[in-house]
Each structure stands twice: as C-alpha cells, then as structure tokens.
Amino acid sequence: MKPAAFEHHAAGSVEEAVSLLAELADEDVKVLAGGQSLVPLLALRLASVGHLVDVNGVAELTSISNGDGLRFGAVVRHRQVERSPEVAAANPLLAAAVRRIGHTAIRNRGTIGGTVAHADPAAEIPAVLALLDGSVEVRGVDGTRSIAAAELFDGYFTTTLEPEELLTSVHVPALPAGTGWSVQQFSRRSGDYGIVTVLATLARDGDGRISAARVAYAGVDAVPLRSSVAETALVGQTASPELWTAVGHDAAAVLEPSSDLNGSAEYRRHLAATLTARALQQASERAGGRA
Amino acid sequence: MSERTVQVTVNGVPHEASVEARRTLTDFIREDLRLTGTHVGCEHGVCGACTVLLDGEAVRACLLLAVQVDGREIRTIEGLATGEQLHPLQEALRDCHSFQCGFCTPGFVMTAVALLEEGATPNEEELREELSGNLCRCTGYQSIVAGVAEAVQRVNGSGGTAGSSVGSDAQRVEEISR
Amino acid sequence: MRMVGAKVRRVEDRRILTGNGHYVDDLQLPRMVHAAFLRSPIAHGRITHLDVADALALPGVHAVYTGADMQELCKPIRSPLAQGAVPEVFPLVTDTVRFVGDLVAMVVADSRYLAEDAVGMIDVEYDQLPVVIDYETALDPSVPPLFADLESNVIHTATKEAGDVDAAFAEADRVIEVEFSQHRIANVPIETRGLVADYDRGSGELTVHAATQSPQGLRLQLAQTLDQPMDRLRVLTQDVGGAFGLKGNIFREDFCVPIASRQLGRPVKWIEDRNEHLMASGHAREERITAQVAVTEAGDILGLKAALDMDAGAYPGLPFSAVAFTGVISLLMPGPYKIKGYRCDSRVVATNKATYVAYRGPWAMETWTRERLIDMVATELGLDPAEVRRRNLFEGAPEDRLITGPTLAGITTRECLDKALERIDYAGFRKEQEAARAEGRYLGIGMAAFIENAPGPKEMRPGGGFTGGETAKVRLEMDGRLTVITAQSPHGQGHETTLAQLAADEMGVPFDSVRVVHGDTRLTPFNIIGTGGSRAATWGSGATMVATRKLREKVLAIAAGQLEIDPADLQIVDGVVSPKGVPGKDIPLARLAGQMTLMPQTAPPGTDPNLMAEERFTGEETTGSGWSGGVHACIVEVDLGTGGVRINRWVVVEDCGRIINPAIVDGQIRGGVAQGIGQVLYERIPYDAEGTFMAGTFMDYLLPTSAEIPAIEIVHIEAPDDDGVGFRGVGEGGMIVAPATLTNAISDALAPFGAKVTEQYLPPSEVLRLAGVVPAGA
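Residue numbers (our numbering), protein chains in the order written: chain A, 9 to 299; chain B, 14 to 191; chain C, 143 to 920.
Think of the hints as simulated: they come from the structure by calculation, not from any bench. Where is the CB? At the ideal position from N, CA and C, for every residue including glycine. Every clue listed holds true.
The calculated lysine to aspartate or glutamate pairs, modelled on EDC-like cross-linking and capped at a C-alpha distance of 20 angstroms, are:
#1 C/LYS149 <-> B/GLU104
#2 C/LYS149 <-> C/ASP863
#3 C/LYS149 <-> B/GLU163
Per label pair, the in silico range of CB-to-CB distance:
#4 B/ALA30 <-> A/GLU293: 49 to 57 angstroms
#5 C/MET836 <-> B/ARG47: 36 to 44 angstroms
#6 A/ALA96 <-> C/LEU200: 47 to 55 angstroms
#7 B/THR18 <-> C/ASP662: 39 to 47 angstroms
#8 C/ALA210 <-> B/ARG47: 34 to 42 angstroms
#9 A/ASN74 <-> B/GLY132: 20 to 28 angstroms
Based on the sequences and whatever the hints tell you, model everything.
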C-alpha cells in the first residue's frame, strides 16, 4: 500500500501556493494540508496526483482571529482549535464539534481548511458552517472571493472551489449571547465519523418561547444539511420533551440518507430523529442556563 | 522522479537523507534510518501503530511524507529509555503486563508519552477515550489502560482531573451518546 | 521462590517496550528486493489476456511471475493433512480467478513502491463467470464446481450420531427449531502476514523468515511444494505480531516469495498490506446451523439435532482446511449438558470468497448455537435461563460423559455458573432490570458456558493425541544457565516467560537464568501446529517439565557421584547443588557444567556428562479433568434511540486448572472476550451478491477500541499444586464463549419486544430491527 509517484512542492506563502496551483493546473495538482484524509487515499491508490502543493509551511494560514466571529487560517490544526481558550469562550459548539474529529493524533495534524475543502458529508466542521452560516475565503491568481457555506458544498467530497483556488480561511460566526447549543453524534466506535451528527442552537425570549433555532445534520446526505422543517417548527413554541421528540421525528422524516455498511437509510432517519430530540433538549437546557 | 534531501533530528540525533516525495515517514524511519521500533499496521491512519512524536505531538507517521519533516524533530520508541534505564512509562507498562504480541506497542507508548508530558491526569473513562486511536488485538485493552494509568500516577500524581488538558475535555464525554 | 503461580514480569516486555523486538518486516538483508501481487478484482472469471511486458520493462523491476511460471517452478500444492475433496492448485492462478484478491501475478522490484507501480502496469482481461456466493448456490448440484477437477462445490459431508436421537425426540413435550447464522469475520492481527525468503546459491539452502505460528509446519509444506531438500530448508521466526490462528495457515504467497528468491538468488521480502490482509488473507466463522432441540415442559433437554453448513471460501486451507473443524463442532456441541440423543450433519461448501482459516476457537459455532438455544428454550417455556442450565448441567461426576463419548469427570461448569451468577448479583440484577424497564430503559443479562478439550481427558489423546505429544530440549550451559528449546512458536502468549518459570522451578535455578528459544527449525523439535489450539499450557509446559526433570536427574547423578551420596539426598537451589541439610558441600551448576563440558572424561562412572535432555511429553503426567471451561455473564444496556449497546459488566469464571502466570492467563481471557465482543458488535466481512469484497480498510472493518471494551472481572477456579502437569489451555475460551454471552444479554434486553436473536452480527441497525423500531431489510 504505497502511493504512486508525485512531485511535492512546499509552498512558503499563499501567493506561491496559488501560483503553483495555476501553473500545475493541467498536471493533476492537489493541495496538501494536514493530509489525514488525502494521504490514505494516495496510499490506497484510490487517488493519484501529479503534484502536491504543501501549504503546511504557510505561516499566514496558521492563526486564529476573533472579531466578527472566529476566523481560522486554513492550516490551523484541529488540536489548536480544541485547545484555544478563545474558541471555547466565543463558540463552545465549535469547540465541542472539533473534539469529535478522530483521535488526538489525527487532530494534531488535521486542519480546519482541510476538512472543509475535503467536504466529507459526515464531517463535523462543514456541518458547523452550515449551521451557523459560516463561509470560507478562497484565493486564486485573479484574487480573493468569499463563499458562503450554503454555496460551498456541492456533493460528496465536492466543493465549488475552482481547481486552481486555495482555501485560505474559514469564518465561523459567533454564537449570539444566550444561545444554547448541542453537538450530538452517534458513531459505532470512539473517534469514528458519526453515522449521523446533529448540531443545534436554540434561544428563548423573555416569555420562555423559542425565539431562534438552528438545526444541521452531517451524515444524512451528500452535503451537510440545515433542517428548515425543524427550525420552522420550533420558533414560537414552548420548550418541552414532547416538542423535541415531535420535531426530531418530523425533521428526520424528510431526510433522504443513503444506506451503507453502518446502517440503512431507515436506520439513519431513526438516528437523526433521536439525536435531534437529544440535541434540542440539551440546547434548550443550555439556553436556559445562559439566559 | 526527483528526490529531496531531508534533514531531521530523530531521538536527538541529526540525520540527512535523500528521499522520493512519495516516501512515507514510516518507511523513512524504519527503512532509511533503520529504526524499526515504529511499526506499520495499516498504512492508512487508523491503527495507530506508527504513532511517533513530531515536535512533541503524537502523529501518525504513515500519514506524513518524509519530505514534510525536513527541519523537524521526531521521537520514536527507541528514544525513551536511557541506556538500560526504562522510562517510567515503560516500567509501568511492564509492571502491569500491558502488552502481549508487542506489535501495537510503539503506538500506544508514544501516544501515552505525549499524554504524560502534557501533565494529564485523566480518569479511566477519559484515558480509554484518549487511547482509542490505537488498536490492539491481543489484550482487550484493560492491561494497557491500567499500565498507562499507573504511569500517570507515578509521573503526574493522582491529582484528579482538574487543570489537565484531558480533564478539561470532560464535557466531551457528555456529548457522546454512544 | 516458586515461580509457577506467580505474576512474574514478562521476559518479552523489555524488548517490545523499547522498540527492540524483531518482527519479520524489521529484517533488511543485503541485496533484498520486494514483492507485490496483482490480485483479481472480480470474484470469478477466466483470464483471457495477461501481458506483463510493460511491468517487466519498468526500471528496477527484476521479475514478474504468473501462474504459467509457477507450473514450471513448483509442484501443485498438497497438504500433508488434506481432508475432503482437494483440487490441484498452484501458488498463482493458472487460468481462473476464484475470489476478489486471488493471486494473478507477482512482481519483484527494488522497492515495494516500484513493485506496486509495476503491478499497475500489468495488462489483464477476464471473462466473468457466474459466482457462487451463498450456501444455496454452492449446494445446488446444477451449478458447476469452482474447480474442474472436483465433482461438486460440496467438498465434505459427515454425520455424527450419539444416543437414541429418535427416542429423545419422541419423548419430548416440545421441539424448538431455530436457524442460526454466524457471519464471516477475520482474525486481523495488528501485524499482517509476511515473509523474507533468502536463497543461498552457494549452499543451496533456502532460509525463510516468516511471521508464522508454525515454523515446522511451514517448512514441511515448502519442502513439498518447492521440492526443496529439507536439510537445506530452514524457517526462522522471531517476534510475531499476533495471529489468532491465521498464521498457523500457509498461504499461496508463502510459496511465491521463496520461489522468487530461489530464481533470483537474492532475498525477497513481501509484507502483506492491510488491504490485502482484509481482502485475501483468510476469513473465518461463516457457518450456519439449523438446530432442533427436544425438551420437556419442565425444561429438561432431551435431544439435539443440528445441520451445519460451513463456507470454506475458494481454496482449501493449509495445512488444516475448514473440513477439519466440522469434526470438533459436532463433537463438542452438546457441551457440559446431559442429553439423550444427538445428531449433527455437516456440510462444507466452496464459494468465491477468500479461504476459510482457523480463528481462536474455530469450532465456537457449537457453543453459540447451544447457549443461544438454551436461552430460547427458557423463553419459550417461561423458565429462567440460569435454571434451565442448572437443570441440565453435568456435575462432573466420574460417570458423566459427553454424549459424543469423552468423559466429563471433574468438570466444574456448575460451580462456575453459580459463582458467575453470584458475582454479577443475578437476583439483584433482575430487580434492577424490572425497574429500568418501567422507565423505558432496556437492560439485559446474558450467560453462557463452554468446555474445551485443552488438552481433553487422557482417553481422548492416547499416546499424546494426533501430534503424539510434544518434545522439548533443555541444555545446561557452561555458565550454569539453562536453555530451553521449545516446539511452541509464541506470538504474544509470553512463553519465554511461562516456560522459563516452569524450567526454573523444575531445575532449581533462578528465573533470570533461563532462556527460552523458539522459532528456528534447525533447533526446535517438530510440531505441526507450533502454537495454536490452546495447546501450549499443557503440551509446551509438559514437554519443558519432563525434559528439565530428565536433565536434573543427570545433574544430580553427577553431583551424587562427586559427593558420593545418594542423589535423593541432594537439592538444587538457586543454581547450586547441595546435600540437604549439610552445609559446605555446595556445587554450583556453573562449576559442574563447566567441568562436564570441558572434561567429560571426569564424569563419575555411570553418569552422562552430556548436559542436554530431549524428552517427548505424551500427556501421562497431566492431572485434572483435562477440560478447560467456564461461564461468562454480562450485563448490557440497549439504547433504543440509537441501537447502541453498552456493556456495563462482564464477569468471567473460568477453570484452566493450575495457573502458571495469572497476569498472562487474565490477558488471554480478556483478549479473547474483546475479540468476541468485536465479532458480535463491530466486525463483519461483507461481500455483495456479485462477490465484490467491501471492507478493504480499517474504516470498513471495525476493530473495537479501548473505549468500547469494558473492564472484565475474572474469577479463577484453580486446581491445587499437585506436582503434575495440571495446566490447561486458556487461549481460546474467552473468544469461544463471549459471542454467546453477549448475544444472550442483548436478547434478554430486547425480550419485551419478543426479539429472537438468530444472527450473530448485531450492529446498531440490527438491534433496532430486532426491537421492531426500524423495519426489516435495513
């Protein structure tokens, strides 16, 4: 199980990386970030590349900034996010989601930009972007553009980035004050991708009614999904276990997951309903605590 | 295929070698540097047998290319003991009969070394979670968990979970509806 | 200090904890080249075109071999132990591929990277043939056999009958019939298979370094197929990274690599990668049993009829094929229970899948079937499963016999059951379960019993059984240290420790002065199995003990002659011979051995100065029932929201006779239980209807991790020290009984839903299907 031959280019800057991508566009070029998904594909010869543009050494892509939400350079490691007091304070949901990625050794190398660009439909961070209407910034030879999460994911392992564009940063909007949140994931083993992952945020008004709610899924479709069914059904309602169960059921009913070795579509729907109810319950408790 | 020169410090010893771009760090360590204590169990980043420390952090060597460690510092299982004197972790694992066939061992040892060096004092559930990125087929894990817990106690003391990086992960357990 | 029975730290651990073990992949020899294989992507097809020219032209490639080459370079593979219908097979396919992963060609190149590049350049085309994937197709006489030289895809049938089965069924109040199915899984040691073959053109000697459980078995088979003289054929094995039965087998790659080395005159290495391993190394346990059990309303089990089908995959296993294990299944199925009549019909079929291999307790289907049946009987009759067991268990009385023959005198299953239920607080749990159900939480308890003839009572193994016992050699070195040469070939079991404990006690030398040597066919006695089948505790230990005793006698005779006293008045303590109770007449073993080796002519008359002993242990010195066994019990909670199963407790009560090293015994049990849990909850080798293999990575084939396996509580029922060989095998028991224990617990948790657990694989989706939460077809 050895990769086929390729050339490796260690980019020293975004500019260099972008010009390499443009220059090698016709020769099967791919960006190498943490490599935790790409290298196995190369080793199994399920993917082959002519050139890797390695962005691990690009210093300008390694910082976290906090202003209008959190902004992560593309090669910020998961572990860096997980350990950041700033992230824990500003966006505990993101901190919780990132801890669900693989194992420590994987998070020590895996990057925020890498997981978003890889666009695994079961991955946590893309679902966080979908949930919070995050975005990414990408750079090509012609300049920079921003892509909203809703426009970014384009199918299984596919994004709307152009081949010669480099994802440079990931923007995760802040959780509004008083918002409760939850990350619910079911995987067969510790550290596996969730069969289904549900993310939820919930806020209540002074009367205790739900004033805002967001629900997003990973693992139920080719791309991370927001549940308009759930969100619509929640707003204006009063929190109750019955509501969570009903919303979970209704939201799951419209999902169209596929079947695989880990479970059928029907099983995934059931799991989505369960985890949605649990996520809403927990988000509601946390909203209560913060109000 | 073009080759590249890599300069790397392994267990405190500087090395320089010319490698193909596609050469994995595992093959580089084992075959080029002839440090065969690091094992290859799956070559796709799941089993953890090839875990080494890269600038102090546990990483899967099979998911890194040798060219990526140019200028970096690596530690492998061969670097732990001082002469005949075992590292306290190795002592604890030996005392607890932690392993059987020894093949997964380097990965567990290096994962646990990183944990110890962070000053972690995980409880059993947290420790099982931390070690879950390394597969063992012989032991059923109980002896490994016991051995690492013993080492934690000997090295970091049994100060509970407060203040440790693993302890601060406590809410992670709560998130897991397994 | 007595070493046997103590939790002695393992000899092996210093080297494995410091990265100084020697596994086959660690070997780098001068001029060594690397092999990679082209494997079939389809389950069944005829090769219509095979062109290796491009691969051969790649710089750095030394050779490319195909099946046609193999027909020139070796003989058809013949097992010395072949059973059932055996086709003519060569190491590489000659015209037809028979499973996904079948061997089409081998490339040898300067590096594994290059070898894989070249494999990708081989041009091959296939004509697809209809596949045989399920039992029904395999059993269909109108379907052509996978091998033209076989008459059928049914390669073996047998019937075992005992007692009066018709009478037992006629007497019954009820007959309960169940179809049980056990899924295909794999052993999956963390070290894959691999070998380095090194042919020396000067001496004509072929040295093979292999990750094997049986160096002598491999050597014997290589001699046959490669026509290599055995005086010029040596197999070496150092550390092996787990095997669990897999590496007791010999595979077709094991012939290809030495053949290439012989042709090229240089060392050739092949290390199986994980994808090859999962796809083609060998798979285990795919079996089904239709069982009928005849019972009374009171819960007496009268009779059992079983029809077993076993899926052997495409190629016959070497040296033992699937056929060998049907006999054990049918022998042991009634277990420690009294019944009056029994019949087991067995069939073994060939399919377009990877070859069947033995996996830790390869006959475990018998325990799963029986223990699941007992729970189903209890449910059907409205009885407590513990009571049904108690009612039917043998006491271990002198007259108790397995209905299939062997005596069960001395078995302790009943005691194990009582202790297990007490330890897990069975009565208390039932109350907790009821309260939990009222809250919508589903807890379950499962229990299961097993017995294993490791080694079995003496009457089952006259003359030492089918291997004729086992031989060990022991040598007193000139410095007074002891070298034990064992026929065992350990791969994690810690025999360098346990056999040293035994030899140290027998000889009277410090534990640290014993070295256990294994894995070199030039030195080690022949043993076709090597380490496997839970044999080491009895046979490896017994051989070490009798050989050491023989050597001790020689030493005492010499010392007695020198001191002119009766050998019976001598003792050896800490490596020093001395007359009991007489100080000042010490003879250190180093002095004695040095003298006898350098000046054998000074040996007292009638003594033998050759301080080496080689003895065959045939089992006469064994004590105890001969049966290993025990009862496991576990408690689970099933989450109906996710289908997840959480194991809250796992209690083991086991009897393996005397214990040499408690830490090692506990490790064997826990490791076995973990594999059994993996088998039920996580692991499955999936093929689709076209025979496509679907679990080629560790992302698809799920091994349990430290977060899934619970703490396992162990209680030993240990026999007293009686100076005999009272140690029994413990390697397989955990794995044999764990699936029954766990599936019984899950079934119990799902009892309110009327769930019938008849398929052993219970992933979350299946758990929810059984609970009626998710529809079938899931």
